[in-house]
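A.B. asks: Sequence:
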Amino acid sequence: MKILLVYPKYIDTFWSFKDALKFISKKATHPPLGLLTVAAMLPKEWEKKLVDMNVTTLRDEDLEWADCVFVSAMCIQKESVKEVISRCKKMGIKIVAGGPLFTTGYEEFEDVDHLVLNEAEITLPHFLADLKNGCAKHIYTSKEFPDIRKALIPLWGLINMKKYATMSIQYSRGCPFNCEFCNIAALYGHKVRTKSKDQIVAELENIYSQGWRGDVFFVDDNFIGNKRKLKKEILPAIIEWMERKRHPFPFNTEASIDLSDDEELMQLMIKAGFNSVFVGIETPNEESLAECNKVQNKNRDLLACVKKIQRFGLQVQGGFIIGFDNDPPSIFERLSAFIQESGIVTAMVGLLNAPRSTKLYQRLVKEDRLLKDVSGDNTDFSINFIPKMDYEILIKGYKRIISRVYSPEPYYKRVREFLRDYKPLGKRTFHFHFNYIGAFFKSILFIGIIEKERVYYWKLFFWSLFRRPQVFHLAITFTIYGFHFRKIFENCL
0 MKILLVYPKY IDTFWSFKDA LKFISKKATH PPLGLLTVAA MLPKEWEKKL
50 VDMNVTTLRD EDLEWADCVF VSAMCIQKES VKEVISRCKK MGIKIVAGGP
100 LFTTGYEEFE DVDHLVLNEA EITLPHFLAD LKNGCAKHIY TSKEFPDIRK
150 ALIPLWGLIN MKKYATMSIQ YSRGCPFNCE FCNIAALYGH KVRTKSKDQI
200 VAELENIYSQ GWRGDVFFVD DNFIGNKRKL KKEILPAIIE WMERKRHPFP
250 FNTEASIDLS DDEELMQLMI KAGFNSVFVG IETPNEESLA ECNKVQNKNR
300 DLLACVKKIQ RFGLQVQGGF IIGFDNDPPS IFERLSAFIQ ESGIVTAMVG
350 LLNAPRSTKL YQRLVKEDRL LKDVSGDNTD FSINFIPKMD YEILIKGYKR
400 IISRVYSPEP YYKRVREFLR DYKPLGKRTF HFHFNYIGAF FKSILFIGII
450 EKERVYYWKL FFWSLFRRPQ VFHLAITFTI YGFHFRKIFE NCL
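Residue 0 is where the sequence shown starts when you use numbering that gives the first Met the number 0, and the numbers rise one by one after that.
A portion of the hints provided could be inaccurate.
Stated by the list, open to error - Distance condition first, Cα-Cα at most 30 angstroms in a straight line; then the derived DSBU-like pairs of lysine-lysine:
1. Lys131 - Lys244
2. Lys162 - Lys131
3. Lys48 - Lys306
Claimed, not checked - If you anchor each label on the Cβ, the simulated ranges turn out as follows:
4. Pro327 - Glu109: 42 to 52 angstroms
5. Lys131 - Pro327: 53 to 63 angstroms
6. Glu366 - Glu232: 16 to 26 angstroms
7. Lys297 - Arg148: 30 to 40 angstroms
8. Phe439 - Asn159: 44 to 54 angstroms
9. Arg466 - Gln266: 42 to 52 angstroms
FYI, nobody ran anything at the bench for these hints, they're computed from the structure. Each residue gets a CB set at the ideal place from its N, CA and C atoms; glycine is no exception.
Given the sequences, and given the hints that come with them, work out the whole structure.
C.D. replies: The structure is reproduced here in structure tokens:
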């Protein structure tokens with residue numbers, strides 16, 4: 000049987016880094032880890048090809064080759080998914096679909112032949128058995144959560160790693176918290192399920208054996224959900240492996256703000272090779288934190304927590320949300336000031352939206368305030384419910400935050416403030432890539448000569464070169480990030 004695995008195209012967003020990727024001659028930030036894992040679960044005798052539409056074009060010849068097309072997607076890929084389904088139906092090709100988009104809204108995709116929902120370790124084997132016996136059903140679903148200690152290593156040979164900026168690995172699923180606007184607990188449960196240290200080392204070894212030398216992203220929604228296991232087993236195993244391999248990978252991940260409470264954990268992460276962490280900070284307004292049940296952020300000096308994490312050598316990337324029912328008129332100025340003070344260079348400020356399967360979605364349905372489904376991009380100035388704050392005031396205030404955070408002057412000031420205090424503590428081995436030279440000269444051409452912010456570029460360039468040469472590469476990286484962020488938000492800057 001010939002299986003074509005298709006990863007649909009996602010729209011250009013804050014996190015797509017589309018304009019930044021051009022500087023390093025890459026096509027996409029992350030590979031389709033879910034599809035690669037599913038591919039490893041399919042019968043070995045089946046022929047398999049993978050087309051990531053963010054990297055290459057899905058051709059008619061690809062579809063004609065296939066007996067069946069497997070599609071996995073998130074909400075942000077919805078429009079591309081519809082296009083793929085339409086093409087398959089016109090050509091009479093069977094479609095098997097799964098992933099978060101279909102699990103939370105499968106009713107919208109009547110043309111899909113087989114919906115294999117929830118986690119594939121549970122539902123995919125049932126589908127494959129029925130397919131073999133000629134009695135495959137339309138929908139496969141389960142309320143069970145699998146033991147991911149039995150998860151297989153992704154089939155990395157199906158992609159060209161050179162097309163991507165970073166590789167991915169998953170250590171855990173599930174989150175102990177229950178934020179109202181988040182659907183992670185609904186999809187993967189509150190109990191944090193983890194892989195073994197042997198699995199993690201085997202997956203790192205597999206990526207290493209493919210020739211990869213570069214960033215690796217732990218895709219966990221909350222990497223520190225099980226702190227004890229991380230400190231006792233996982234991180235020591237990663238540290239030992241990294242030292243043996245001469246530190247081939249810088250790591251980054253996502254974690255909750257309570258990371259700042261555990262100095263031992265931060266030290267181990269640094270020693271293992273982690274250099275940045277995304278933290279959902281959301282808002283400095285206590286009433287809004289209480290509203291969305293962000294208990295881990297309540298009653299904290301959030302600014303001090305961020306500074307502490309950065310002081311330990313981890314760059315903090317922050318997620319922020321505007322549009323809570325309890326947001327006061329002053330929230331726009333307060334949030335702008337918080338971001339500037341924190342030195343968070345990559346600050347994703349989005350409008351609150353209510354994805355399906357979240358408690359927020361359910362509450363808004365009861366209150367008759369829901370308007371439509373989410374677009375998947377909470378930085379596109381859309382909101383899918385009726386806010387308590389006047390809509391025009393909310394949108395104008397949101398645009399004001401974006402302008403105050405990403406206009407050249409405040410952005411470059413924030414970069415400089417961060418780099419002035421940033422002291423990377425972990426051991427690093429530099430792996431040279433020709434793409435770095437290209438990115439450096441492209442930054443000079445496009446940002447240092449062509450773009451309007453060139454005066455800020457050169458000030459940062461020479462300041463970091465002569466005053467903080469050890470972080471000069473980061474300075475150039477942040478100028479490229481800023482270029483991308485301004486392209487995303489150019490209509491309100």
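A.B. asks: Against this structure, judge whether each hint is valid.
C.D. replies: Tested hints:
no. : hint                                : result
1   : Lys131 - Lys244                     : violated (43 angstroms)
2   : Lys162 - Lys131                     : violated (35 angstroms)
3   : Lys48 - Lys306                      : violated (46 angstroms)
4   : Pro327 - Glu109: 42 to 52 angstroms : holds (44 angstroms)
5   : Lys131 - Pro327: 53 to 63 angstroms : holds (60 angstroms)
6   : Glu366 - Glu232: 16 to 26 angstroms : violated (45 angstroms)
7   : Lys297 - Arg148: 30 to 40 angstroms : holds (33 angstroms)
8   : Phe439 - Asn159: 44 to 54 angstroms : violated (24 angstroms)
9   : Arg466 - Gln266: 42 to 52 angstroms : violated (27 angstroms)
The structure is inconsistent with the numbered hints 1, 2, 3, 6, 8, 9, although it conforms to all the rest.
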